[in-house]
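> Residue numbers (our numbering), protein chains in the order written: chain A, 1 to 283; chain B, 1001 to 1311; chain C, 2001 to 2309.
The set of hints was computed from the structure by calculation and includes no laboratory data.
By construction, the Cβ of each residue, glycine as well, lies at the ideal position given by its N, Cα and C atoms.
One or more hints might be untrue.
Some, not all, of what chain A presents toward chain B, calculated at C-beta under 10 Å [what the hints assert, rightly or not]:
id	residue
1	Arg12
2	Tyr108
3	Lys172
4	Pro195
Only some residues are given here: those of chain C computed to face chain A with a beta carbon under 8 Å [stated by the list, open to error]:
id	residue
5	Thr2017
6	Val2019
7	Ala2134
8	Met2149
9	Met2150
10	Val2157
11	Leu2159
12	Ile2278
13	Met2280
Listed below, chain by chain, are the residues.
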Amino acid sequence: MTGSPLYFALRRFADNKAAVVCGLILLTIIAMAIFAPLITQTGYEDQDFLTAALSFPSAAHLMGIDDLGRDFFARIVYGARISLTIGFAAALFSVLIGIPLGAISGYYGGLADWFVMRLIELFSVVPPLLAAMLLGALTGGGFVTIVLIAALFGWVQVCLLVRAQVKATREKEFIRAAQALGATPGYIIRRHLIPNAVSPIIVGFVLAIPLAMMLEASLSFLGIGVPPPMPSWGQMINVGMNFMYFYWHMAVFPTAALAITVLATTLFGDGLRDALDPTLKGR
Amino acid sequence: MTPPALELRALSKTFRLPQRGGLLPRTVAHHAVTEVSLTLPQNAILGLVGESGSGKTTTGMMAMRLIQPTAGQILLDGSDITNLDAAAMKPLRCKMQVVFQDSYSALDPMMTLCQIVAEPLHIHAIGTPSEQTEQALAMMERVGLHRSYGARYPHELSGGQRQRVAIARALILRPSVLVADEPTSALDVSVKAQIINLLLDLQAEMGLSILFISHDLSVVRSLTDSVAVMWGGRIVEQAATETIFADARHPYTRGLLDAIPVLNPRERRQRQFLTSAQIQAQIPRIAGRGATNKPQLVEVAPGHLVEAILQ
Amino acid sequence: MIRYILGRLISVALTFTVVSVIVFLMMHAVPGGPFDGNDMPVNDAVKAKLNASLGLDRPLHIQYFKYMWGVLHFDFGVPFQSPGETVLQLLARAWPPSLILGGSGVLIGTSLGILLGIAAAQRRNTWVDYLASAFATLGLTIPVFVISMMLIMVFAVWLRVLPAAGWDRPHSWILPIAAYAAIPMATYARYTRSAVLDVLNKPFVTVLRAKGISERRIIFQHVLRNAALPMITVFLPMFIGTATGSIFVESMFRVPGLGAYFVSSINLRDYPLEMALILMITFMFCIAYLISDILYALVNPRIRVGGRQ
């Protein structure tokens, strides 16, 4: 595999220090989310410290105790679980919707392309967050709903990336050669067009994650996202606002957790994009 | 008598181009190819020459059924394939293959060379995967690439090596007809000669009939048995290769021959490039029966066709 | 060109209609009307009468056409949350704060962003460049309410120099404007930098330098004009991001603007207000979409009229 185009991309990525560091941070956060029960002493909804409610960070409670007597560190760590699960699930659905639509509109062009482009226009005139708020309010929020809403608005980016790549690849002569061999459109899409669109697919997937996490946090912040007592950083920031003048830890830690995770994922995705497709740089 | 390997009868292609401006969408007809008839005999190499935009590539793609002709017929081994659908066409694809000009874009960058050469077998479901690999590696050896290249990717090769891979992919199904669309024009001179020798060897060995599309007359002279010259979407002259080089009758053909660089500096001359109006004016006029005052192909010597005006 | 604009106009009008239908249907498809909540117990007979008086018992498509007919005459109905006035009056009361904050935020953010982008491109790989890039990345990746939160934490809670909320005094406008300006500034810092760098690498800039023209004149007379194209294309996403962010900014800083009413209308299931706000926002985005398309076509002499790339 040392000659494969993906190998070169990997080497280019390794040269990008900031992206590698962000990748490591992201990996740490993922590990913390997976092994949450092992690194926290209590569950996220255990009100074990009611008498010490709102106490500041200490050696025993790294991030202090919240207003309902729960260990704040445990809630932040379990919050990573929610945030990451929603991010990855939504990105997966985005890719599942975006790849076929992008491939079809890029390969066939004409009416299929016109239809997909109008669909995308529809989604770009309606800002995702507004529509998500509306949908969230109408459906009452909830875990699955948020994943679906995020995917509903995340596929557009993936679709555009795949479509552009497929359109460029379609003009290549190896597609003509495959047609001359009697290959069916389905075969050409599966075997040539989608493998050549791996880079935009990976980039689209990774960059859809922070968008979904942001969407979840924003909705939870407004109270129409993940319902309590599930720990969501957005909802914790909302609660923290009421306490911030006197109990700074209630606002600072969820804000920092959300900012760091979203930032690390985005920079990691940007680095991947620069490595996989140097021509897209700076977009 | 065996039918010719490939025969084109009065093929025409009209593209409809969108017209800019105005309130309503309009299209203009562009006649890319007009009534081209060609015969490629078994075991022969036919050159199709002309400047870019003369319709030679479109003709080649129509012969391959990659572009649907507006009118005319395509006969492969004597049977009409003009209107066959994709499914009926698929088995016939084994008999007719194509090599393109740009070897870089002709190979999928995400596939190894072995996968690329084996792809025709895969599409036509010939043999098990290991048989396909073995056959592909054998074919690569035959076009002069070592078996160890099988695991490499296209970007690791030189232009000449990539063109060899493209030839291997085209020939692995053992076709009887090969359409070669300027396969040497993107290559260095020395590499060009290697590829031409390879094509000649394979042609003799496999009994191929080749439609060789090119704008490079020196390559055409060393490779082909007969030549057809295209200009403005029509065939203006057609004859055995040496006849074309010795006794060109059409002003455009003579212009093309004049454009070949001369090695001896003493023989260098000021070249004149004719405008299309000048060419029109110089079209040979021949006295004969059935005067139409329109240019048409006339047989001026056995096997030598020239576009002329009968008067 | 005329054909292109007409085509875009039709396409945008179509989009607007489809959005209005979808939103209308969505709001009526979900179970639960304004009188189903527990905070306002109403018996069935009264509920039916109320629904009838508001036209909620008619077939959906009739309701839709009746509603859109009203919209064409600027009649958006009466907001449930403040029945003493019409939606139009409420909007008239709510838009000045949004316009002041949003307008100055976009204006300040855009100009600062462009200046920062030029500075970063000119001093590539120096601390100016790194700082600008860091600002741009922060502004583009972190949600607006987190940025607002950070601003409040630093300036209101920690340093205690500015009020955290309110609308009454001009200096309480500073923090919301800063929060508003974050997205335009980040967007323009990033795109100006890359657009200017692209142009600076072109051979014609080398020719200008060889002619002895000052670096400042090169940037402001030649480079910016050529860099305008990518900068226009990012206007729309930037505008949408800023407008959406306004919802959070206004509710966090307790500004009585359109964004704050959007939140309250969603929470209270206030259909007339919600519908009016969404139609207004969609209309605004459609216009922005149209303007950026037309600007793009005007500035780009090579545009392939007839399609977006």
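> For each hint, tell me whether it holds in the structure or not.
Each hint tested on the structure:
1. Arg12: violated, 14 Å
2. Tyr108: Where the cut-off is 10 Å and the nearest Cβ of chain B is about 15 Å from tyrosine 108/A, the hint is violated.
3. Lys172: Holds - the Cβ of lysine 172/A comes within 10 Å of chain B, reaching about 4 Å at its closest.
4. Pro195: Holds, about 5 Å.
5. Thr2017: violated, 11 Å
6. Val2019: holds, 6 Å
7. Ala2134: This interface hint is violated because 10 Å lies over the 8 Å limit.
8. Met2149: holds, 5 Å
9. Met2150: holds, 7 Å
10. Val2157: holds, 6 Å
11. Leu2159: Given a least distance of 13 Å, the restraint on leucine 2159/C is violated.
12. Ile2278: Hint on isoleucine 2278/C: holds, closest Cβ of chain A at ~7 Å, below 8 Å.
13. Met2280: With a closest approach of 11 Å, the methionine 2280/C hint is violated.
Checked against the numbered hints above, the structure violates hints 1, 2, 5, 7, 11 and 13; every other hint is satisfied.
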